[in-house]
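K.L.:
Residue numbers (our numbering), protein chains in the order written: chain A, 1 to 295; chain B, 296 to 590; chain C, 591 to 885; chain D, 886 to 1180.
Bear in mind the hints are in silico, worked out from the structure with no lab data behind them.
Positions of the beta carbon are idealized from the N, C-alpha and C atoms, including for glycine.
There may be inaccurate statements among the hints.
Here are the simulated SDA-like cross-link-like pairs (lysine to any residue), alpha carbons at most 20 Å apart as the crow flies [claimed, not checked]:
id	chain 1	residue 1	chain 2	residue 2
1	A	K198	B	P561
2	A	K117	A	D72
3	D	K1059	D	E1040
4	A	K198	B	Q563
5	C	K788	D	P1151
6	C	K788	D	Q1153
7	C	K788	C	H834
8	C	K764	C	R592
Selected chain D positions facing chain C (in silico; Cβ < 7 Å) [said to hold, decoys possible]:
id	residue
9	F1003
10	P1006
11	C1010
12	W1087
13	A1091
14	A1142
15	P1144
16	Q1153
17	F1154
18	S1157
19	E1160
20	W1172
21	S1173
22	R1178
4 protein chains.
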Amino acid sequence: MRTVSLASLNAADKSAFVSELGDIYEHAPWVAEAVAGQRPFATLAAVHDAMTAAVRAAPGEQRLTFIKGHPDLAGKAARAGAMTADSVAEQASAGLDRLSEQEFAEFHRLNDGYKAKFGIPFIVCVRRHTKDSILRSFAQRLANDAAAEEKAALEEIFRITALRLDQRVEAADKLKVHGRISTHVLDTCNGFPARGVKIELWELSANGDRRMIAGTQTNRDGRTDQPLIGGRPVPIGCYELRFHVGEHFARVGVPLADPPFLGVVPVQFWVSEPEAHYHVPLLATPWSYATYRGS
Amino acid sequence: MRTVSLASLNAADKSAFVSELGDIYEHAPWVAEAVAGQRPFATLAAVHDAMTAAVRAAPGEQRLTFIKGHPDLAGKAARAGAMTADSVAEQASAGLDRLSEQEFAEFHRLNDGYKAKFGIPFIVCVRRHTKDSILRSFAQRLANDAAAEEKAALEEIFRITALRLDQRVEAADKLKVHGRISTHVLDTCNGFPARGVKIELWELSANGDRRMIAGTQTNRDGRTDQPLIGGRPVPIGCYELRFHVGEHFARVGVPLADPPFLGVVPVQFWVSEPEAHYHVPLLATPWSYATYRGS
Amino acid sequence: MRTVSLASLNAADKSAFVSELGDIYEHAPWVAEAVAGQRPFATLAAVHDAMTAAVRAAPGEQRLTFIKGHPDLAGKAARAGAMTADSVAEQASAGLDRLSEQEFAEFHRLNDGYKAKFGIPFIVCVRRHTKDSILRSFAQRLANDAAAEEKAALEEIFRITALRLDQRVEAADKLKVHGRISTHVLDTCNGFPARGVKIELWELSANGDRRMIAGTQTNRDGRTDQPLIGGRPVPIGCYELRFHVGEHFARVGVPLADPPFLGVVPVQFWVSEPEAHYHVPLLATPWSYATYRGS
Amino acid sequence: MRTVSLASLNAADKSAFVSELGDIYEHAPWVAEAVAGQRPFATLAAVHDAMTAAVRAAPGEQRLTFIKGHPDLAGKAARAGAMTADSVAEQASAGLDRLSEQEFAEFHRLNDGYKAKFGIPFIVCVRRHTKDSILRSFAQRLANDAAAEEKAALEEIFRITALRLDQRVEAADKLKVHGRISTHVLDTCNGFPARGVKIELWELSANGDRRMIAGTQTNRDGRTDQPLIGGRPVPIGCYELRFHVGEHFARVGVPLADPPFLGVVPVQFWVSEPEAHYHVPLLATPWSYATYRGS
Chain A
1 MRTVSLASLN AADKSAFVSE LGDIYEHAPW VAEAVAGQRP FATLAAVHDA MTAAVRAAPG
61 EQRLTFIKGH PDLAGKAARA GAMTADSVAE QASAGLDRLS EQEFAEFHRL NDGYKAKFGI
121 PFIVCVRRHT KDSILRSFAQ RLANDAAAEE KAALEEIFRI TALRLDQRVE AADKLKVHGR
181 ISTHVLDTCN GFPARGVKIE LWELSANGDR RMIAGTQTNR DGRTDQPLIG GRPVPIGCYE
241 LRFHVGEHFA RVGVPLADPP FLGVVPVQFW VSEPEAHYHV PLLATPWSYA TYRGS
Chain B
296 MRTVSLASLN AADKSAFVSE LGDIYEHAPW VAEAVAGQRP FATLAAVHDA MTAAVRAAPG
356 EQRLTFIKGH PDLAGKAARA GAMTADSVAE QASAGLDRLS EQEFAEFHRL NDGYKAKFGI
416 PFIVCVRRHT KDSILRSFAQ RLANDAAAEE KAALEEIFRI TALRLDQRVE AADKLKVHGR
476 ISTHVLDTCN GFPARGVKIE LWELSANGDR RMIAGTQTNR DGRTDQPLIG GRPVPIGCYE
536 LRFHVGEHFA RVGVPLADPP FLGVVPVQFW VSEPEAHYHV PLLATPWSYA TYRGS
Chain C
591 MRTVSLASLN AADKSAFVSE LGDIYEHAPW VAEAVAGQRP FATLAAVHDA MTAAVRAAPG
651 EQRLTFIKGH PDLAGKAARA GAMTADSVAE QASAGLDRLS EQEFAEFHRL NDGYKAKFGI
711 PFIVCVRRHT KDSILRSFAQ RLANDAAAEE KAALEEIFRI TALRLDQRVE AADKLKVHGR
771 ISTHVLDTCN GFPARGVKIE LWELSANGDR RMIAGTQTNR DGRTDQPLIG GRPVPIGCYE
831 LRFHVGEHFA RVGVPLADPP FLGVVPVQFW VSEPEAHYHV PLLATPWSYA TYRGS
Chain D
886 MRTVSLASLN AADKSAFVSE LGDIYEHAPW VAEAVAGQRP FATLAAVHDA MTAAVRAAPG
946 EQRLTFIKGH PDLAGKAARA GAMTADSVAE QASAGLDRLS EQEFAEFHRL NDGYKAKFGI
1006 PFIVCVRRHT KDSILRSFAQ RLANDAAAEE KAALEEIFRI TALRLDQRVE AADKLKVHGR
1066 ISTHVLDTCN GFPARGVKIE LWELSANGDR RMIAGTQTNR DGRTDQPLIG GRPVPIGCYE
1126 LRFHVGEHFA RVGVPLADPP FLGVVPVQFW VSEPEAHYHV PLLATPWSYA TYRGS
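All chains should be built: construct the whole structure from the sequences, respecting the hints.
P.N.:
Below, the structure written as structure tokens:
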């Protein structure tokens, strides 16, 4: 993806600035235009704050038109190729581009119900979600009133645009849009970090589907060189870490049962805050283990 | 199943005694005949010891014929209805009566290879096994020599007959043929046993199949009224306990994330000793848990 | 101590009954007299309930005189030998018979303050207390009003008399007057109970004093043959269990640092409910341990 | 303490160099003289290696004289003021300057026995030791033969001189002479780091003495701003961390017993490797805790 520096955005003429950031807000270059005169921006956070303020300050009619300009989730716009490139990539991140016919129908039913009630499309920052959590969110938000939903729609839009800015613009500061899943493994039988332990991270769906997201192994500190998820929001949903500790204990020569009591240790947990750090370590012996949300 | 008391066996005339215990050893009423004169037996263990001694004392030829009289695992005898009722029930316990065509072929291939090498059928006490562990055992035992396998076959037979005696005869003593899987759940956030926690026990196969064996919930002591497996050998294999702790913490009113960090906690472990007690407790908070093989 | 059976109490003539139970209530044989006619009692609990009811039903003047008949804690009655034998033994249990001059003065100051405010002696069931918790209780109760303190005094008296009945009378039922401290030790490195681990229980005072109450070692189940405290209330206070796990791991041949990371593991906890069961296990490896209030 | 940079040592004339580093080796400026010509040194490790090589390369007689030039531990030299300033400070670090008369006599007895057997003073790098571990080391080394002890004496001298170089010379590299004790505290009831928890570190002696070494409290990450011991060797010995978790749980509003089950949690452990990092965290709820040697 092409990126641009905050410095060059500050130095550009107005039309170049609008050309660079015009599509951050879906089909709404007027937001970039509205803030161009406030340059120079000291930080990326200042750019984001100015743009959200411009949307809030716009006449109600214009804001509503803007909200209505967003594509349906997993909708016809997607199939017809009428979404911005960003929207296409975002909807793919939650698997909305590969729904079964039944799921596609379910999303349409919910979209139609939502539009019938509120007159706007259902907007959600899909990079923060899994298919399951979008469906859950749909159900919760359908119970709201119109004012609450206009507010909710704007909050989701600002999350979407914060992520777009974060990807597009290089600056000294970072927007708080990234979460992390990390782990480490301690061999508490031997009092040292467990090295070379294979670890997988899976995303679990309510319908029983499982999708492996990351596979790695621990380094000499019992940690992984990279977080299992990092540099992006962690989609709200259910995850399973799988720790291959049986192989580790066989390797370090601890006496074991045959087959060993523990082979692969699964740890299932739910992520509720996409921008948070989920550090989920494992303290293991051949006969016991403990895990916790750490820091 | 019809049972008989040790006292009445001791009091019966010889032919009645042989009639009662003649089929404990597969197609070999001569074993019961050989020990009838040693009555009265003080304990059931004494009956079992006398019968195993009679087999060991028999001429080599007779012992071999006896071993050869055992049915193939999952073999044609099973399909042709030529096994004793006990054998039928035993093979069903490990799922050998519902093999896929591919698995059936695999067992035949192994049986034939085993017979070709040793001249006897492959005998294993299937009540102590899962399909996976039988296949593993096949592979290990095919590497033995003939003397080791005659010894192994007899040991398996004595395990089979001990289980049959245990089911058939009521006595003051018990043969050591039963294992156990049990658990308890402590809410370490509140310092009390977790009551009403749903628990399931699943048996996991190497091919990804899962079969639920038991479903229950904890009582006021955080234990289950009955062990999850008890009163029988625990088949060698991989198990998963599933603890529904998320519901518990919601019920007792602890503040939780939405969705809660922990919903269902899976604990996977392997059983290697069918006659042992596997006590696998869970100490849990909404954000952490520990498990171990206890006592 | 001489005991008497409930059956013989039920069968005795009135004067023998009063002679047996006349001193359960301090200097108040009239309580036994009042309930003699209600015999036979089906349970020991019924005896206790009848006697407490008799006290509650007595005229206020008589009840007050009765309350005033109790000795001061650690007071002149103690030194002058004017207490009942039960009171002497009870006060000794909390160490009130071996106070330093300074502590003796402190108790006198509090007693005098209490009597000046409420006109009755400070009454507490000392078998449920340590010196520290009595002082804490003094401070809390001095803040009450007179009605609350008459109520509190009676409740303490009924705890005292329940304990006396429990010791004096043999019956099929037991009064709920006993608590327990127990433990067990698991070697989670090896997956078995840790046998032969030396364990001490100490009572800790706020002034830094330490007193060893019990010393034992674990049996083959990793438990102690007897609870560390049992068959009596567990005095409210601070305790330390000391587990000699370093010696255990040296014995079972696990590789250790020199000196080993863990030698003696101290676990300090407070007892707040004297009639409760405090099960405080230890799960240990040479490099880690966990403890919790279990069940 | 005055320090000097490696660069200026490399640039100095020989006599200035020897003047700066002449007392690194006790009463032996010839060691500095022997390496002056090897300058420039790229790293501090290279200085140390050159100096140890010079000692090893010296004639046996000279090396022995050098070894004999070291002061007795806690000896008359100490009391007579005839040690180098470094030796004085080092012996003070292990408390050898404040021995009781009895301990002083014990050290003398051991020193004399050692000298009588080996003809050299007992040399040990006291900054890596407590009084207890020095006595333990004495006992172990008295069992050696003379060759082993000359080797042991040199190794201890090189540890001493590495520490002196580390304190005296500023360089880009660090010698591996420092260990660390650190901790962090997680509130696993709430799933977040425990902030503001008071922590003390005590050094425990075999004779029952206790000395508080550090007192601090956890920051918002549940860690301490500084390690409890850092920037120096961690003396071999027994330590106790004391975590005031009861106050924490009262502060965050978790329901507690009265008094709370856990007040102060003591964790006792032994340090065997003075240059290692001992990370000893606490995972706690109001009713349970776990600790381990982490990383």
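K.L.:
Please list, smallest to largest, the hint numbers that this structure does not respect.
P.N.:
9, 10, 11, 12, 13, 19
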